[in-house]
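K.L.:
Residues per chain are reported as follows:
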Amino acid sequence: MGLRLAVETLTARAIGALSRAGGRGGGTTVPGKVLWKVDPAAVDALAARLPDGVVAVSATNGKTTTTAMAAEILGADRQLAWNRAGANLLSGIASALVAGRGADLGLFEIDEGALPEALARTRPRVVALGNLFRDQLDRYGELEIVAERWRAAIAGLPATTALVVNADDPLVADLSDGRVGAVRFGLDDPRQARAGLQHAADSKYCLRCGAPYEYAAVYVGHLGDYRCPQCDHHRPELDIAVRDIELRGLRASRFRLVAPAGDTEIELALPGLYNVYNAAAAAALSLAMGASLEDVRLGLERFSAAFGRFERIPAGGKSVVLLLIKNPAGANEVVRTLEIGVPPVLVVALNDSIADGQDVSWIWDVDFEPLLEHVGLVIATGERAAELGLRMTYGGLSRDRLEVVPSLEEALDRGLSLVEAGTELVVLPTYTAMLALRGILADRGAVQPYWEDRRT
Amino acid sequence: MKVRVAHLYPEYLNIYADRGNIAVLTRRAALRGHTLEVHAIGVGNSLEPSVYDLVYVGGGQDREQALIAPDLAAKGEALRAAHARGVAMLAVCGGYQLLGRGYRGRDGSFMPGAGLFAHETVAGETRMIGDVLLDCELEPGDRQQIAGFENHAGRTVLDPGAEPLGRVVYGFGNDGASGLEGCRLGRALGTYLHGPLLPRNPWLADWLLAQALAHASGGEAPELGPLTDELEAAAFRVAASRARKRGGRR
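Protein sequences, first through last, are from chains S and L. First residue of the first sequence: 1, per my numbering; consecutive thereafter. First residue of the second sequence: 1, per my numbering; consecutive thereafter.
The hints are simulated quantities; they were obtained by calculation from the structure and are not laboratory data.
Computed footprint of chain L on chain S; a stretch qualifies when at least three of its residues, placed anywhere within it, have a C-beta under 8 angstroms from a C-beta of chain L:
1) 362-372
2) 390-399
In silico contact screen, one side only, chain S against chain L (beta carbon under 10 angstroms); selected entries:
3) Glu142
4) Leu143
5) Pro212
Glycine included, every Cβ here is placed at the ideal spot set by N, Cα and C.
The whole structure should be built from the sequences, with the hints applied where relevant.
P.N.:
Right, here's the structure in full:
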C-alpha cells in the first residue's frame with residue numbers, strides 16, 4: 001500500500017468509527033463516501049490488493065441474498081471484504097474495502113446503475129448477473145438502457161473474468177452471447193412453472209425479432225424456458241441446472257443442483273422459487289471461484305436469511321418476519337410465497353424515499369389480490385400509507401379489513417397486538433421502511449444493529 | 001348501464017400501472033350501479049368506432065412503444081371517428097405522445113402517431129422525472145387540481161390554440177417550458193401523469209366516467225353521486241405535498 005492510500009484508508013476507518021460512535025447508523029457508507037470523494041482510484045488500488053480477487057453480483061432482485069449465500073460458501077475459509085448491509089454503490093464498496101483490511105476476497109453486491117464503473121474499477125474475477133425487472137424507473141430508466149450499459153461494461157472485461165448469467169432471463173442471458181467460458185444457470189423443473197406470464201412481466205418480446213416468446217415454463221416474472229416461435233431465439237443450454245424442486249411452505253425448499261462436476265441435493269432454509277434462483281446464482285459463482293459442490297451444499301444449507309430478506313426477529317414472545325418488497329416482480333414472489341398460508345394480519349409499509357423509488361405506481365403492478373381474498377386485516381403504513389390503502393381497497397379489500405396507520409412504529413405495535421403469542425407478524429416493507437422497522441426493533445434490543453451482525 | 005372500454009395494447013403499454021386506472025374506473029362505475037366491460041385491443045385487432053364508450057391507452061417502454069406504434073398510427077382514422085362520435089378517451093405518457101402527430105427521435109427519425117391531438121413530440125436529452133401538481137378547469141368555473149408523477153424524455157409541444165389538460169403548479173409538464181401539461185380535446189384527455197393518475201384524483205375518474213356514460217346513453221353527462229373518498233383525499237394530499245416539496249421546476 002502506498003503511503004497516500006494508507007493515510008486515506010486510516011482516515012476513512014476513523015470516520016467510520018466516529019460515525020458509529022455518533023449513532024449515525026452503521027457507518028456502512030460514510031467512510032467510503034469520504035474515500036470515494038478524496039480519491040476514487042483508491043477503490044482500484046484496494047481491490048487490486050485482494051489476493052483472491054473480487055466477485056461482483058448484480059441483479060434487480062436477489063443481489064443481497066445471493067451475495068450473502070456466496071459469503072456463506074466462499075467465506076468458510078477466507079476473510080471477506082463484503083458489503084453485507086446492501087450499501088451497493090461505489091461508496092459502499094469503498095467502505096467494505098476499507099473495513100475489510102487483510103481480507104482475501106472482495107464480495108460485492110452492486111447496484112445496477114453502478115455496475116459499469118464498479119466493474120471497471122474492481123476488475124472482478126467473477127461477475128454474476130441475476131435478472132432485470134422493471135424497478136424504480138424514476139431512478140434507473142428503462143430495462144433496455146440498463147442492459148445496454150451492462151453490455152458495454154462486460155465487453156470491457158478481460159477474458160480472464162468469468163461471466164455467470166441467469167439463462168432464464170432473455171435480456172441477461174443475451175449478455176453472455178459469444179463470451180467464451182460464460183456459465184449459464186437456470187431452473188429446469190416444469191412442475192414448478194406458473195400458469196403463465198404475470199401482468200407485470202417484462203422482456204416478453206423476442207430480443208431479436210420482437211415476436212412474443214413462447215414459454216415451456218415460466219418460473220418467476222419473465223424468467224423461464226423461452227423460445228421465439230418466429231426466429232427461434234431461445235434459452236441457451238444450461239451449464240448449471242436446478243431440478244427436482246420441492247417448496248416446503250414458508251420455511252424451506254429442497255432441490256437438486258446439476259453441475260458439470262456432478263449433482264448434489266440441497267436443503268435451503270428459505271421459501272420461494274426466487275430464493276432457489278438466488279441459491280443457483282450463488283452456487284454458480286462459487287463453482288466459478290473454484291469451490292467444490294460439497295462447499296456449495298454446506299454453505300447453502302448453513303444459510304438462514306440476509307438482511308431484511310425473510311429475516312425473523314423476536315419481539316416479546318412473538319416474532320416479526322420482514323420480507324422486503326421493492327418492485328412488482330419481487331413483491332409478486334413474496335405474495336406467491338405467502339399464498340401457501342395467508343397470515344391473519346399483514347403489515348405492508350410503503351415509503352417513497354430515493355432508495356424506495358419516489359414513484360410509487362409500482363404497487364399497482366403487484367398482484368396483491370390472492371392475499372386480499374383471505375387475509376383478515378391489512379395494516380397499511382409508511383409515508384405513502386394512504387396510497388397503499390387505496391391499492392388494497394381497489395384490489396377488493398373491504399374497508400373494514402384495512403387500517404391505515406402512517407407511523408411505522410404504531411403500525412408495528414398494532415400488528416403485534418393482534419397476533420397471538422408464539423406466532424409471527426408478517427411485515428412487507430420497502431427498503432427504507434425495512435431499515436426503520438429494523439431500527440425500531442434494534443432499539444428494543446430485539447435485533448443487533450446491522451453493522452454489528454455476525455455471520456453464524 | 002354498461003360502459004364499454006377499449007383498452008389499447010394492454011400487453012405492451014402497461015409500464016406505469018395503467019391497470020390501476022382501469023381498476024378505479026371499474027369500481028367507481030360499479031358503486032353507481034354501472035358495469036364496465038373492458039376489451040383488450042391488440043396489434044392487428046380492429047377498433048370499431050361505434051362500439052366503445054371509452055378508449056384507454058397507457059404508456060410503455062421505448063421498445064414496446066416502437067413495436068405498437070405503426071399499428072396505432074393505422075388506427076388513427078378509427079380513433080378520430082370515435083372521438084367525433086363523442087367517445088371519451090384517456091391516454092397516458094407514451095399513449096399520449098402517440099395520439100399526437102408523431103414523435104421525432106434524437107436521430108431525426110419520425111414515428112407517426114394517430115393524429116388525434118394537435119401536438120408533436122421531440123425526444124429530449126434529459127428525462128423529466130418527478131411529482132407534479134396541476135390546476136385545471138375541465139368544466140367552466142369548476143377549478144380542480146391533479147396530482148401525479150411524470151417520467152418522460154419527450155417534449156410535447158401543443159399547436160397554437162390546442163387546449164392543455166392543465167397548468168403546471170409544480171413539475172415539468174409537456175415540455176418543461178410552457179407551463180402546460182397534457183392535452184384536452186372535447187371528451188379526450190392526454191397526459192404525462194401516471195402514478196397511476198385516477199386513484200388519487202377521483203373527481204377526474206368521475207368526469208371521465210360521466211363522459212363515457214354520456215356516450216353510452218346518447219344523452220348528457222350524468223351527475224354521479226358522491227363517494228366517501230377519504231383515502232383518495234389523503235393520498236392526493238400526500239402526493240400534492242410531494243410535488244410542492246420536490247417536483248421538477250419549470
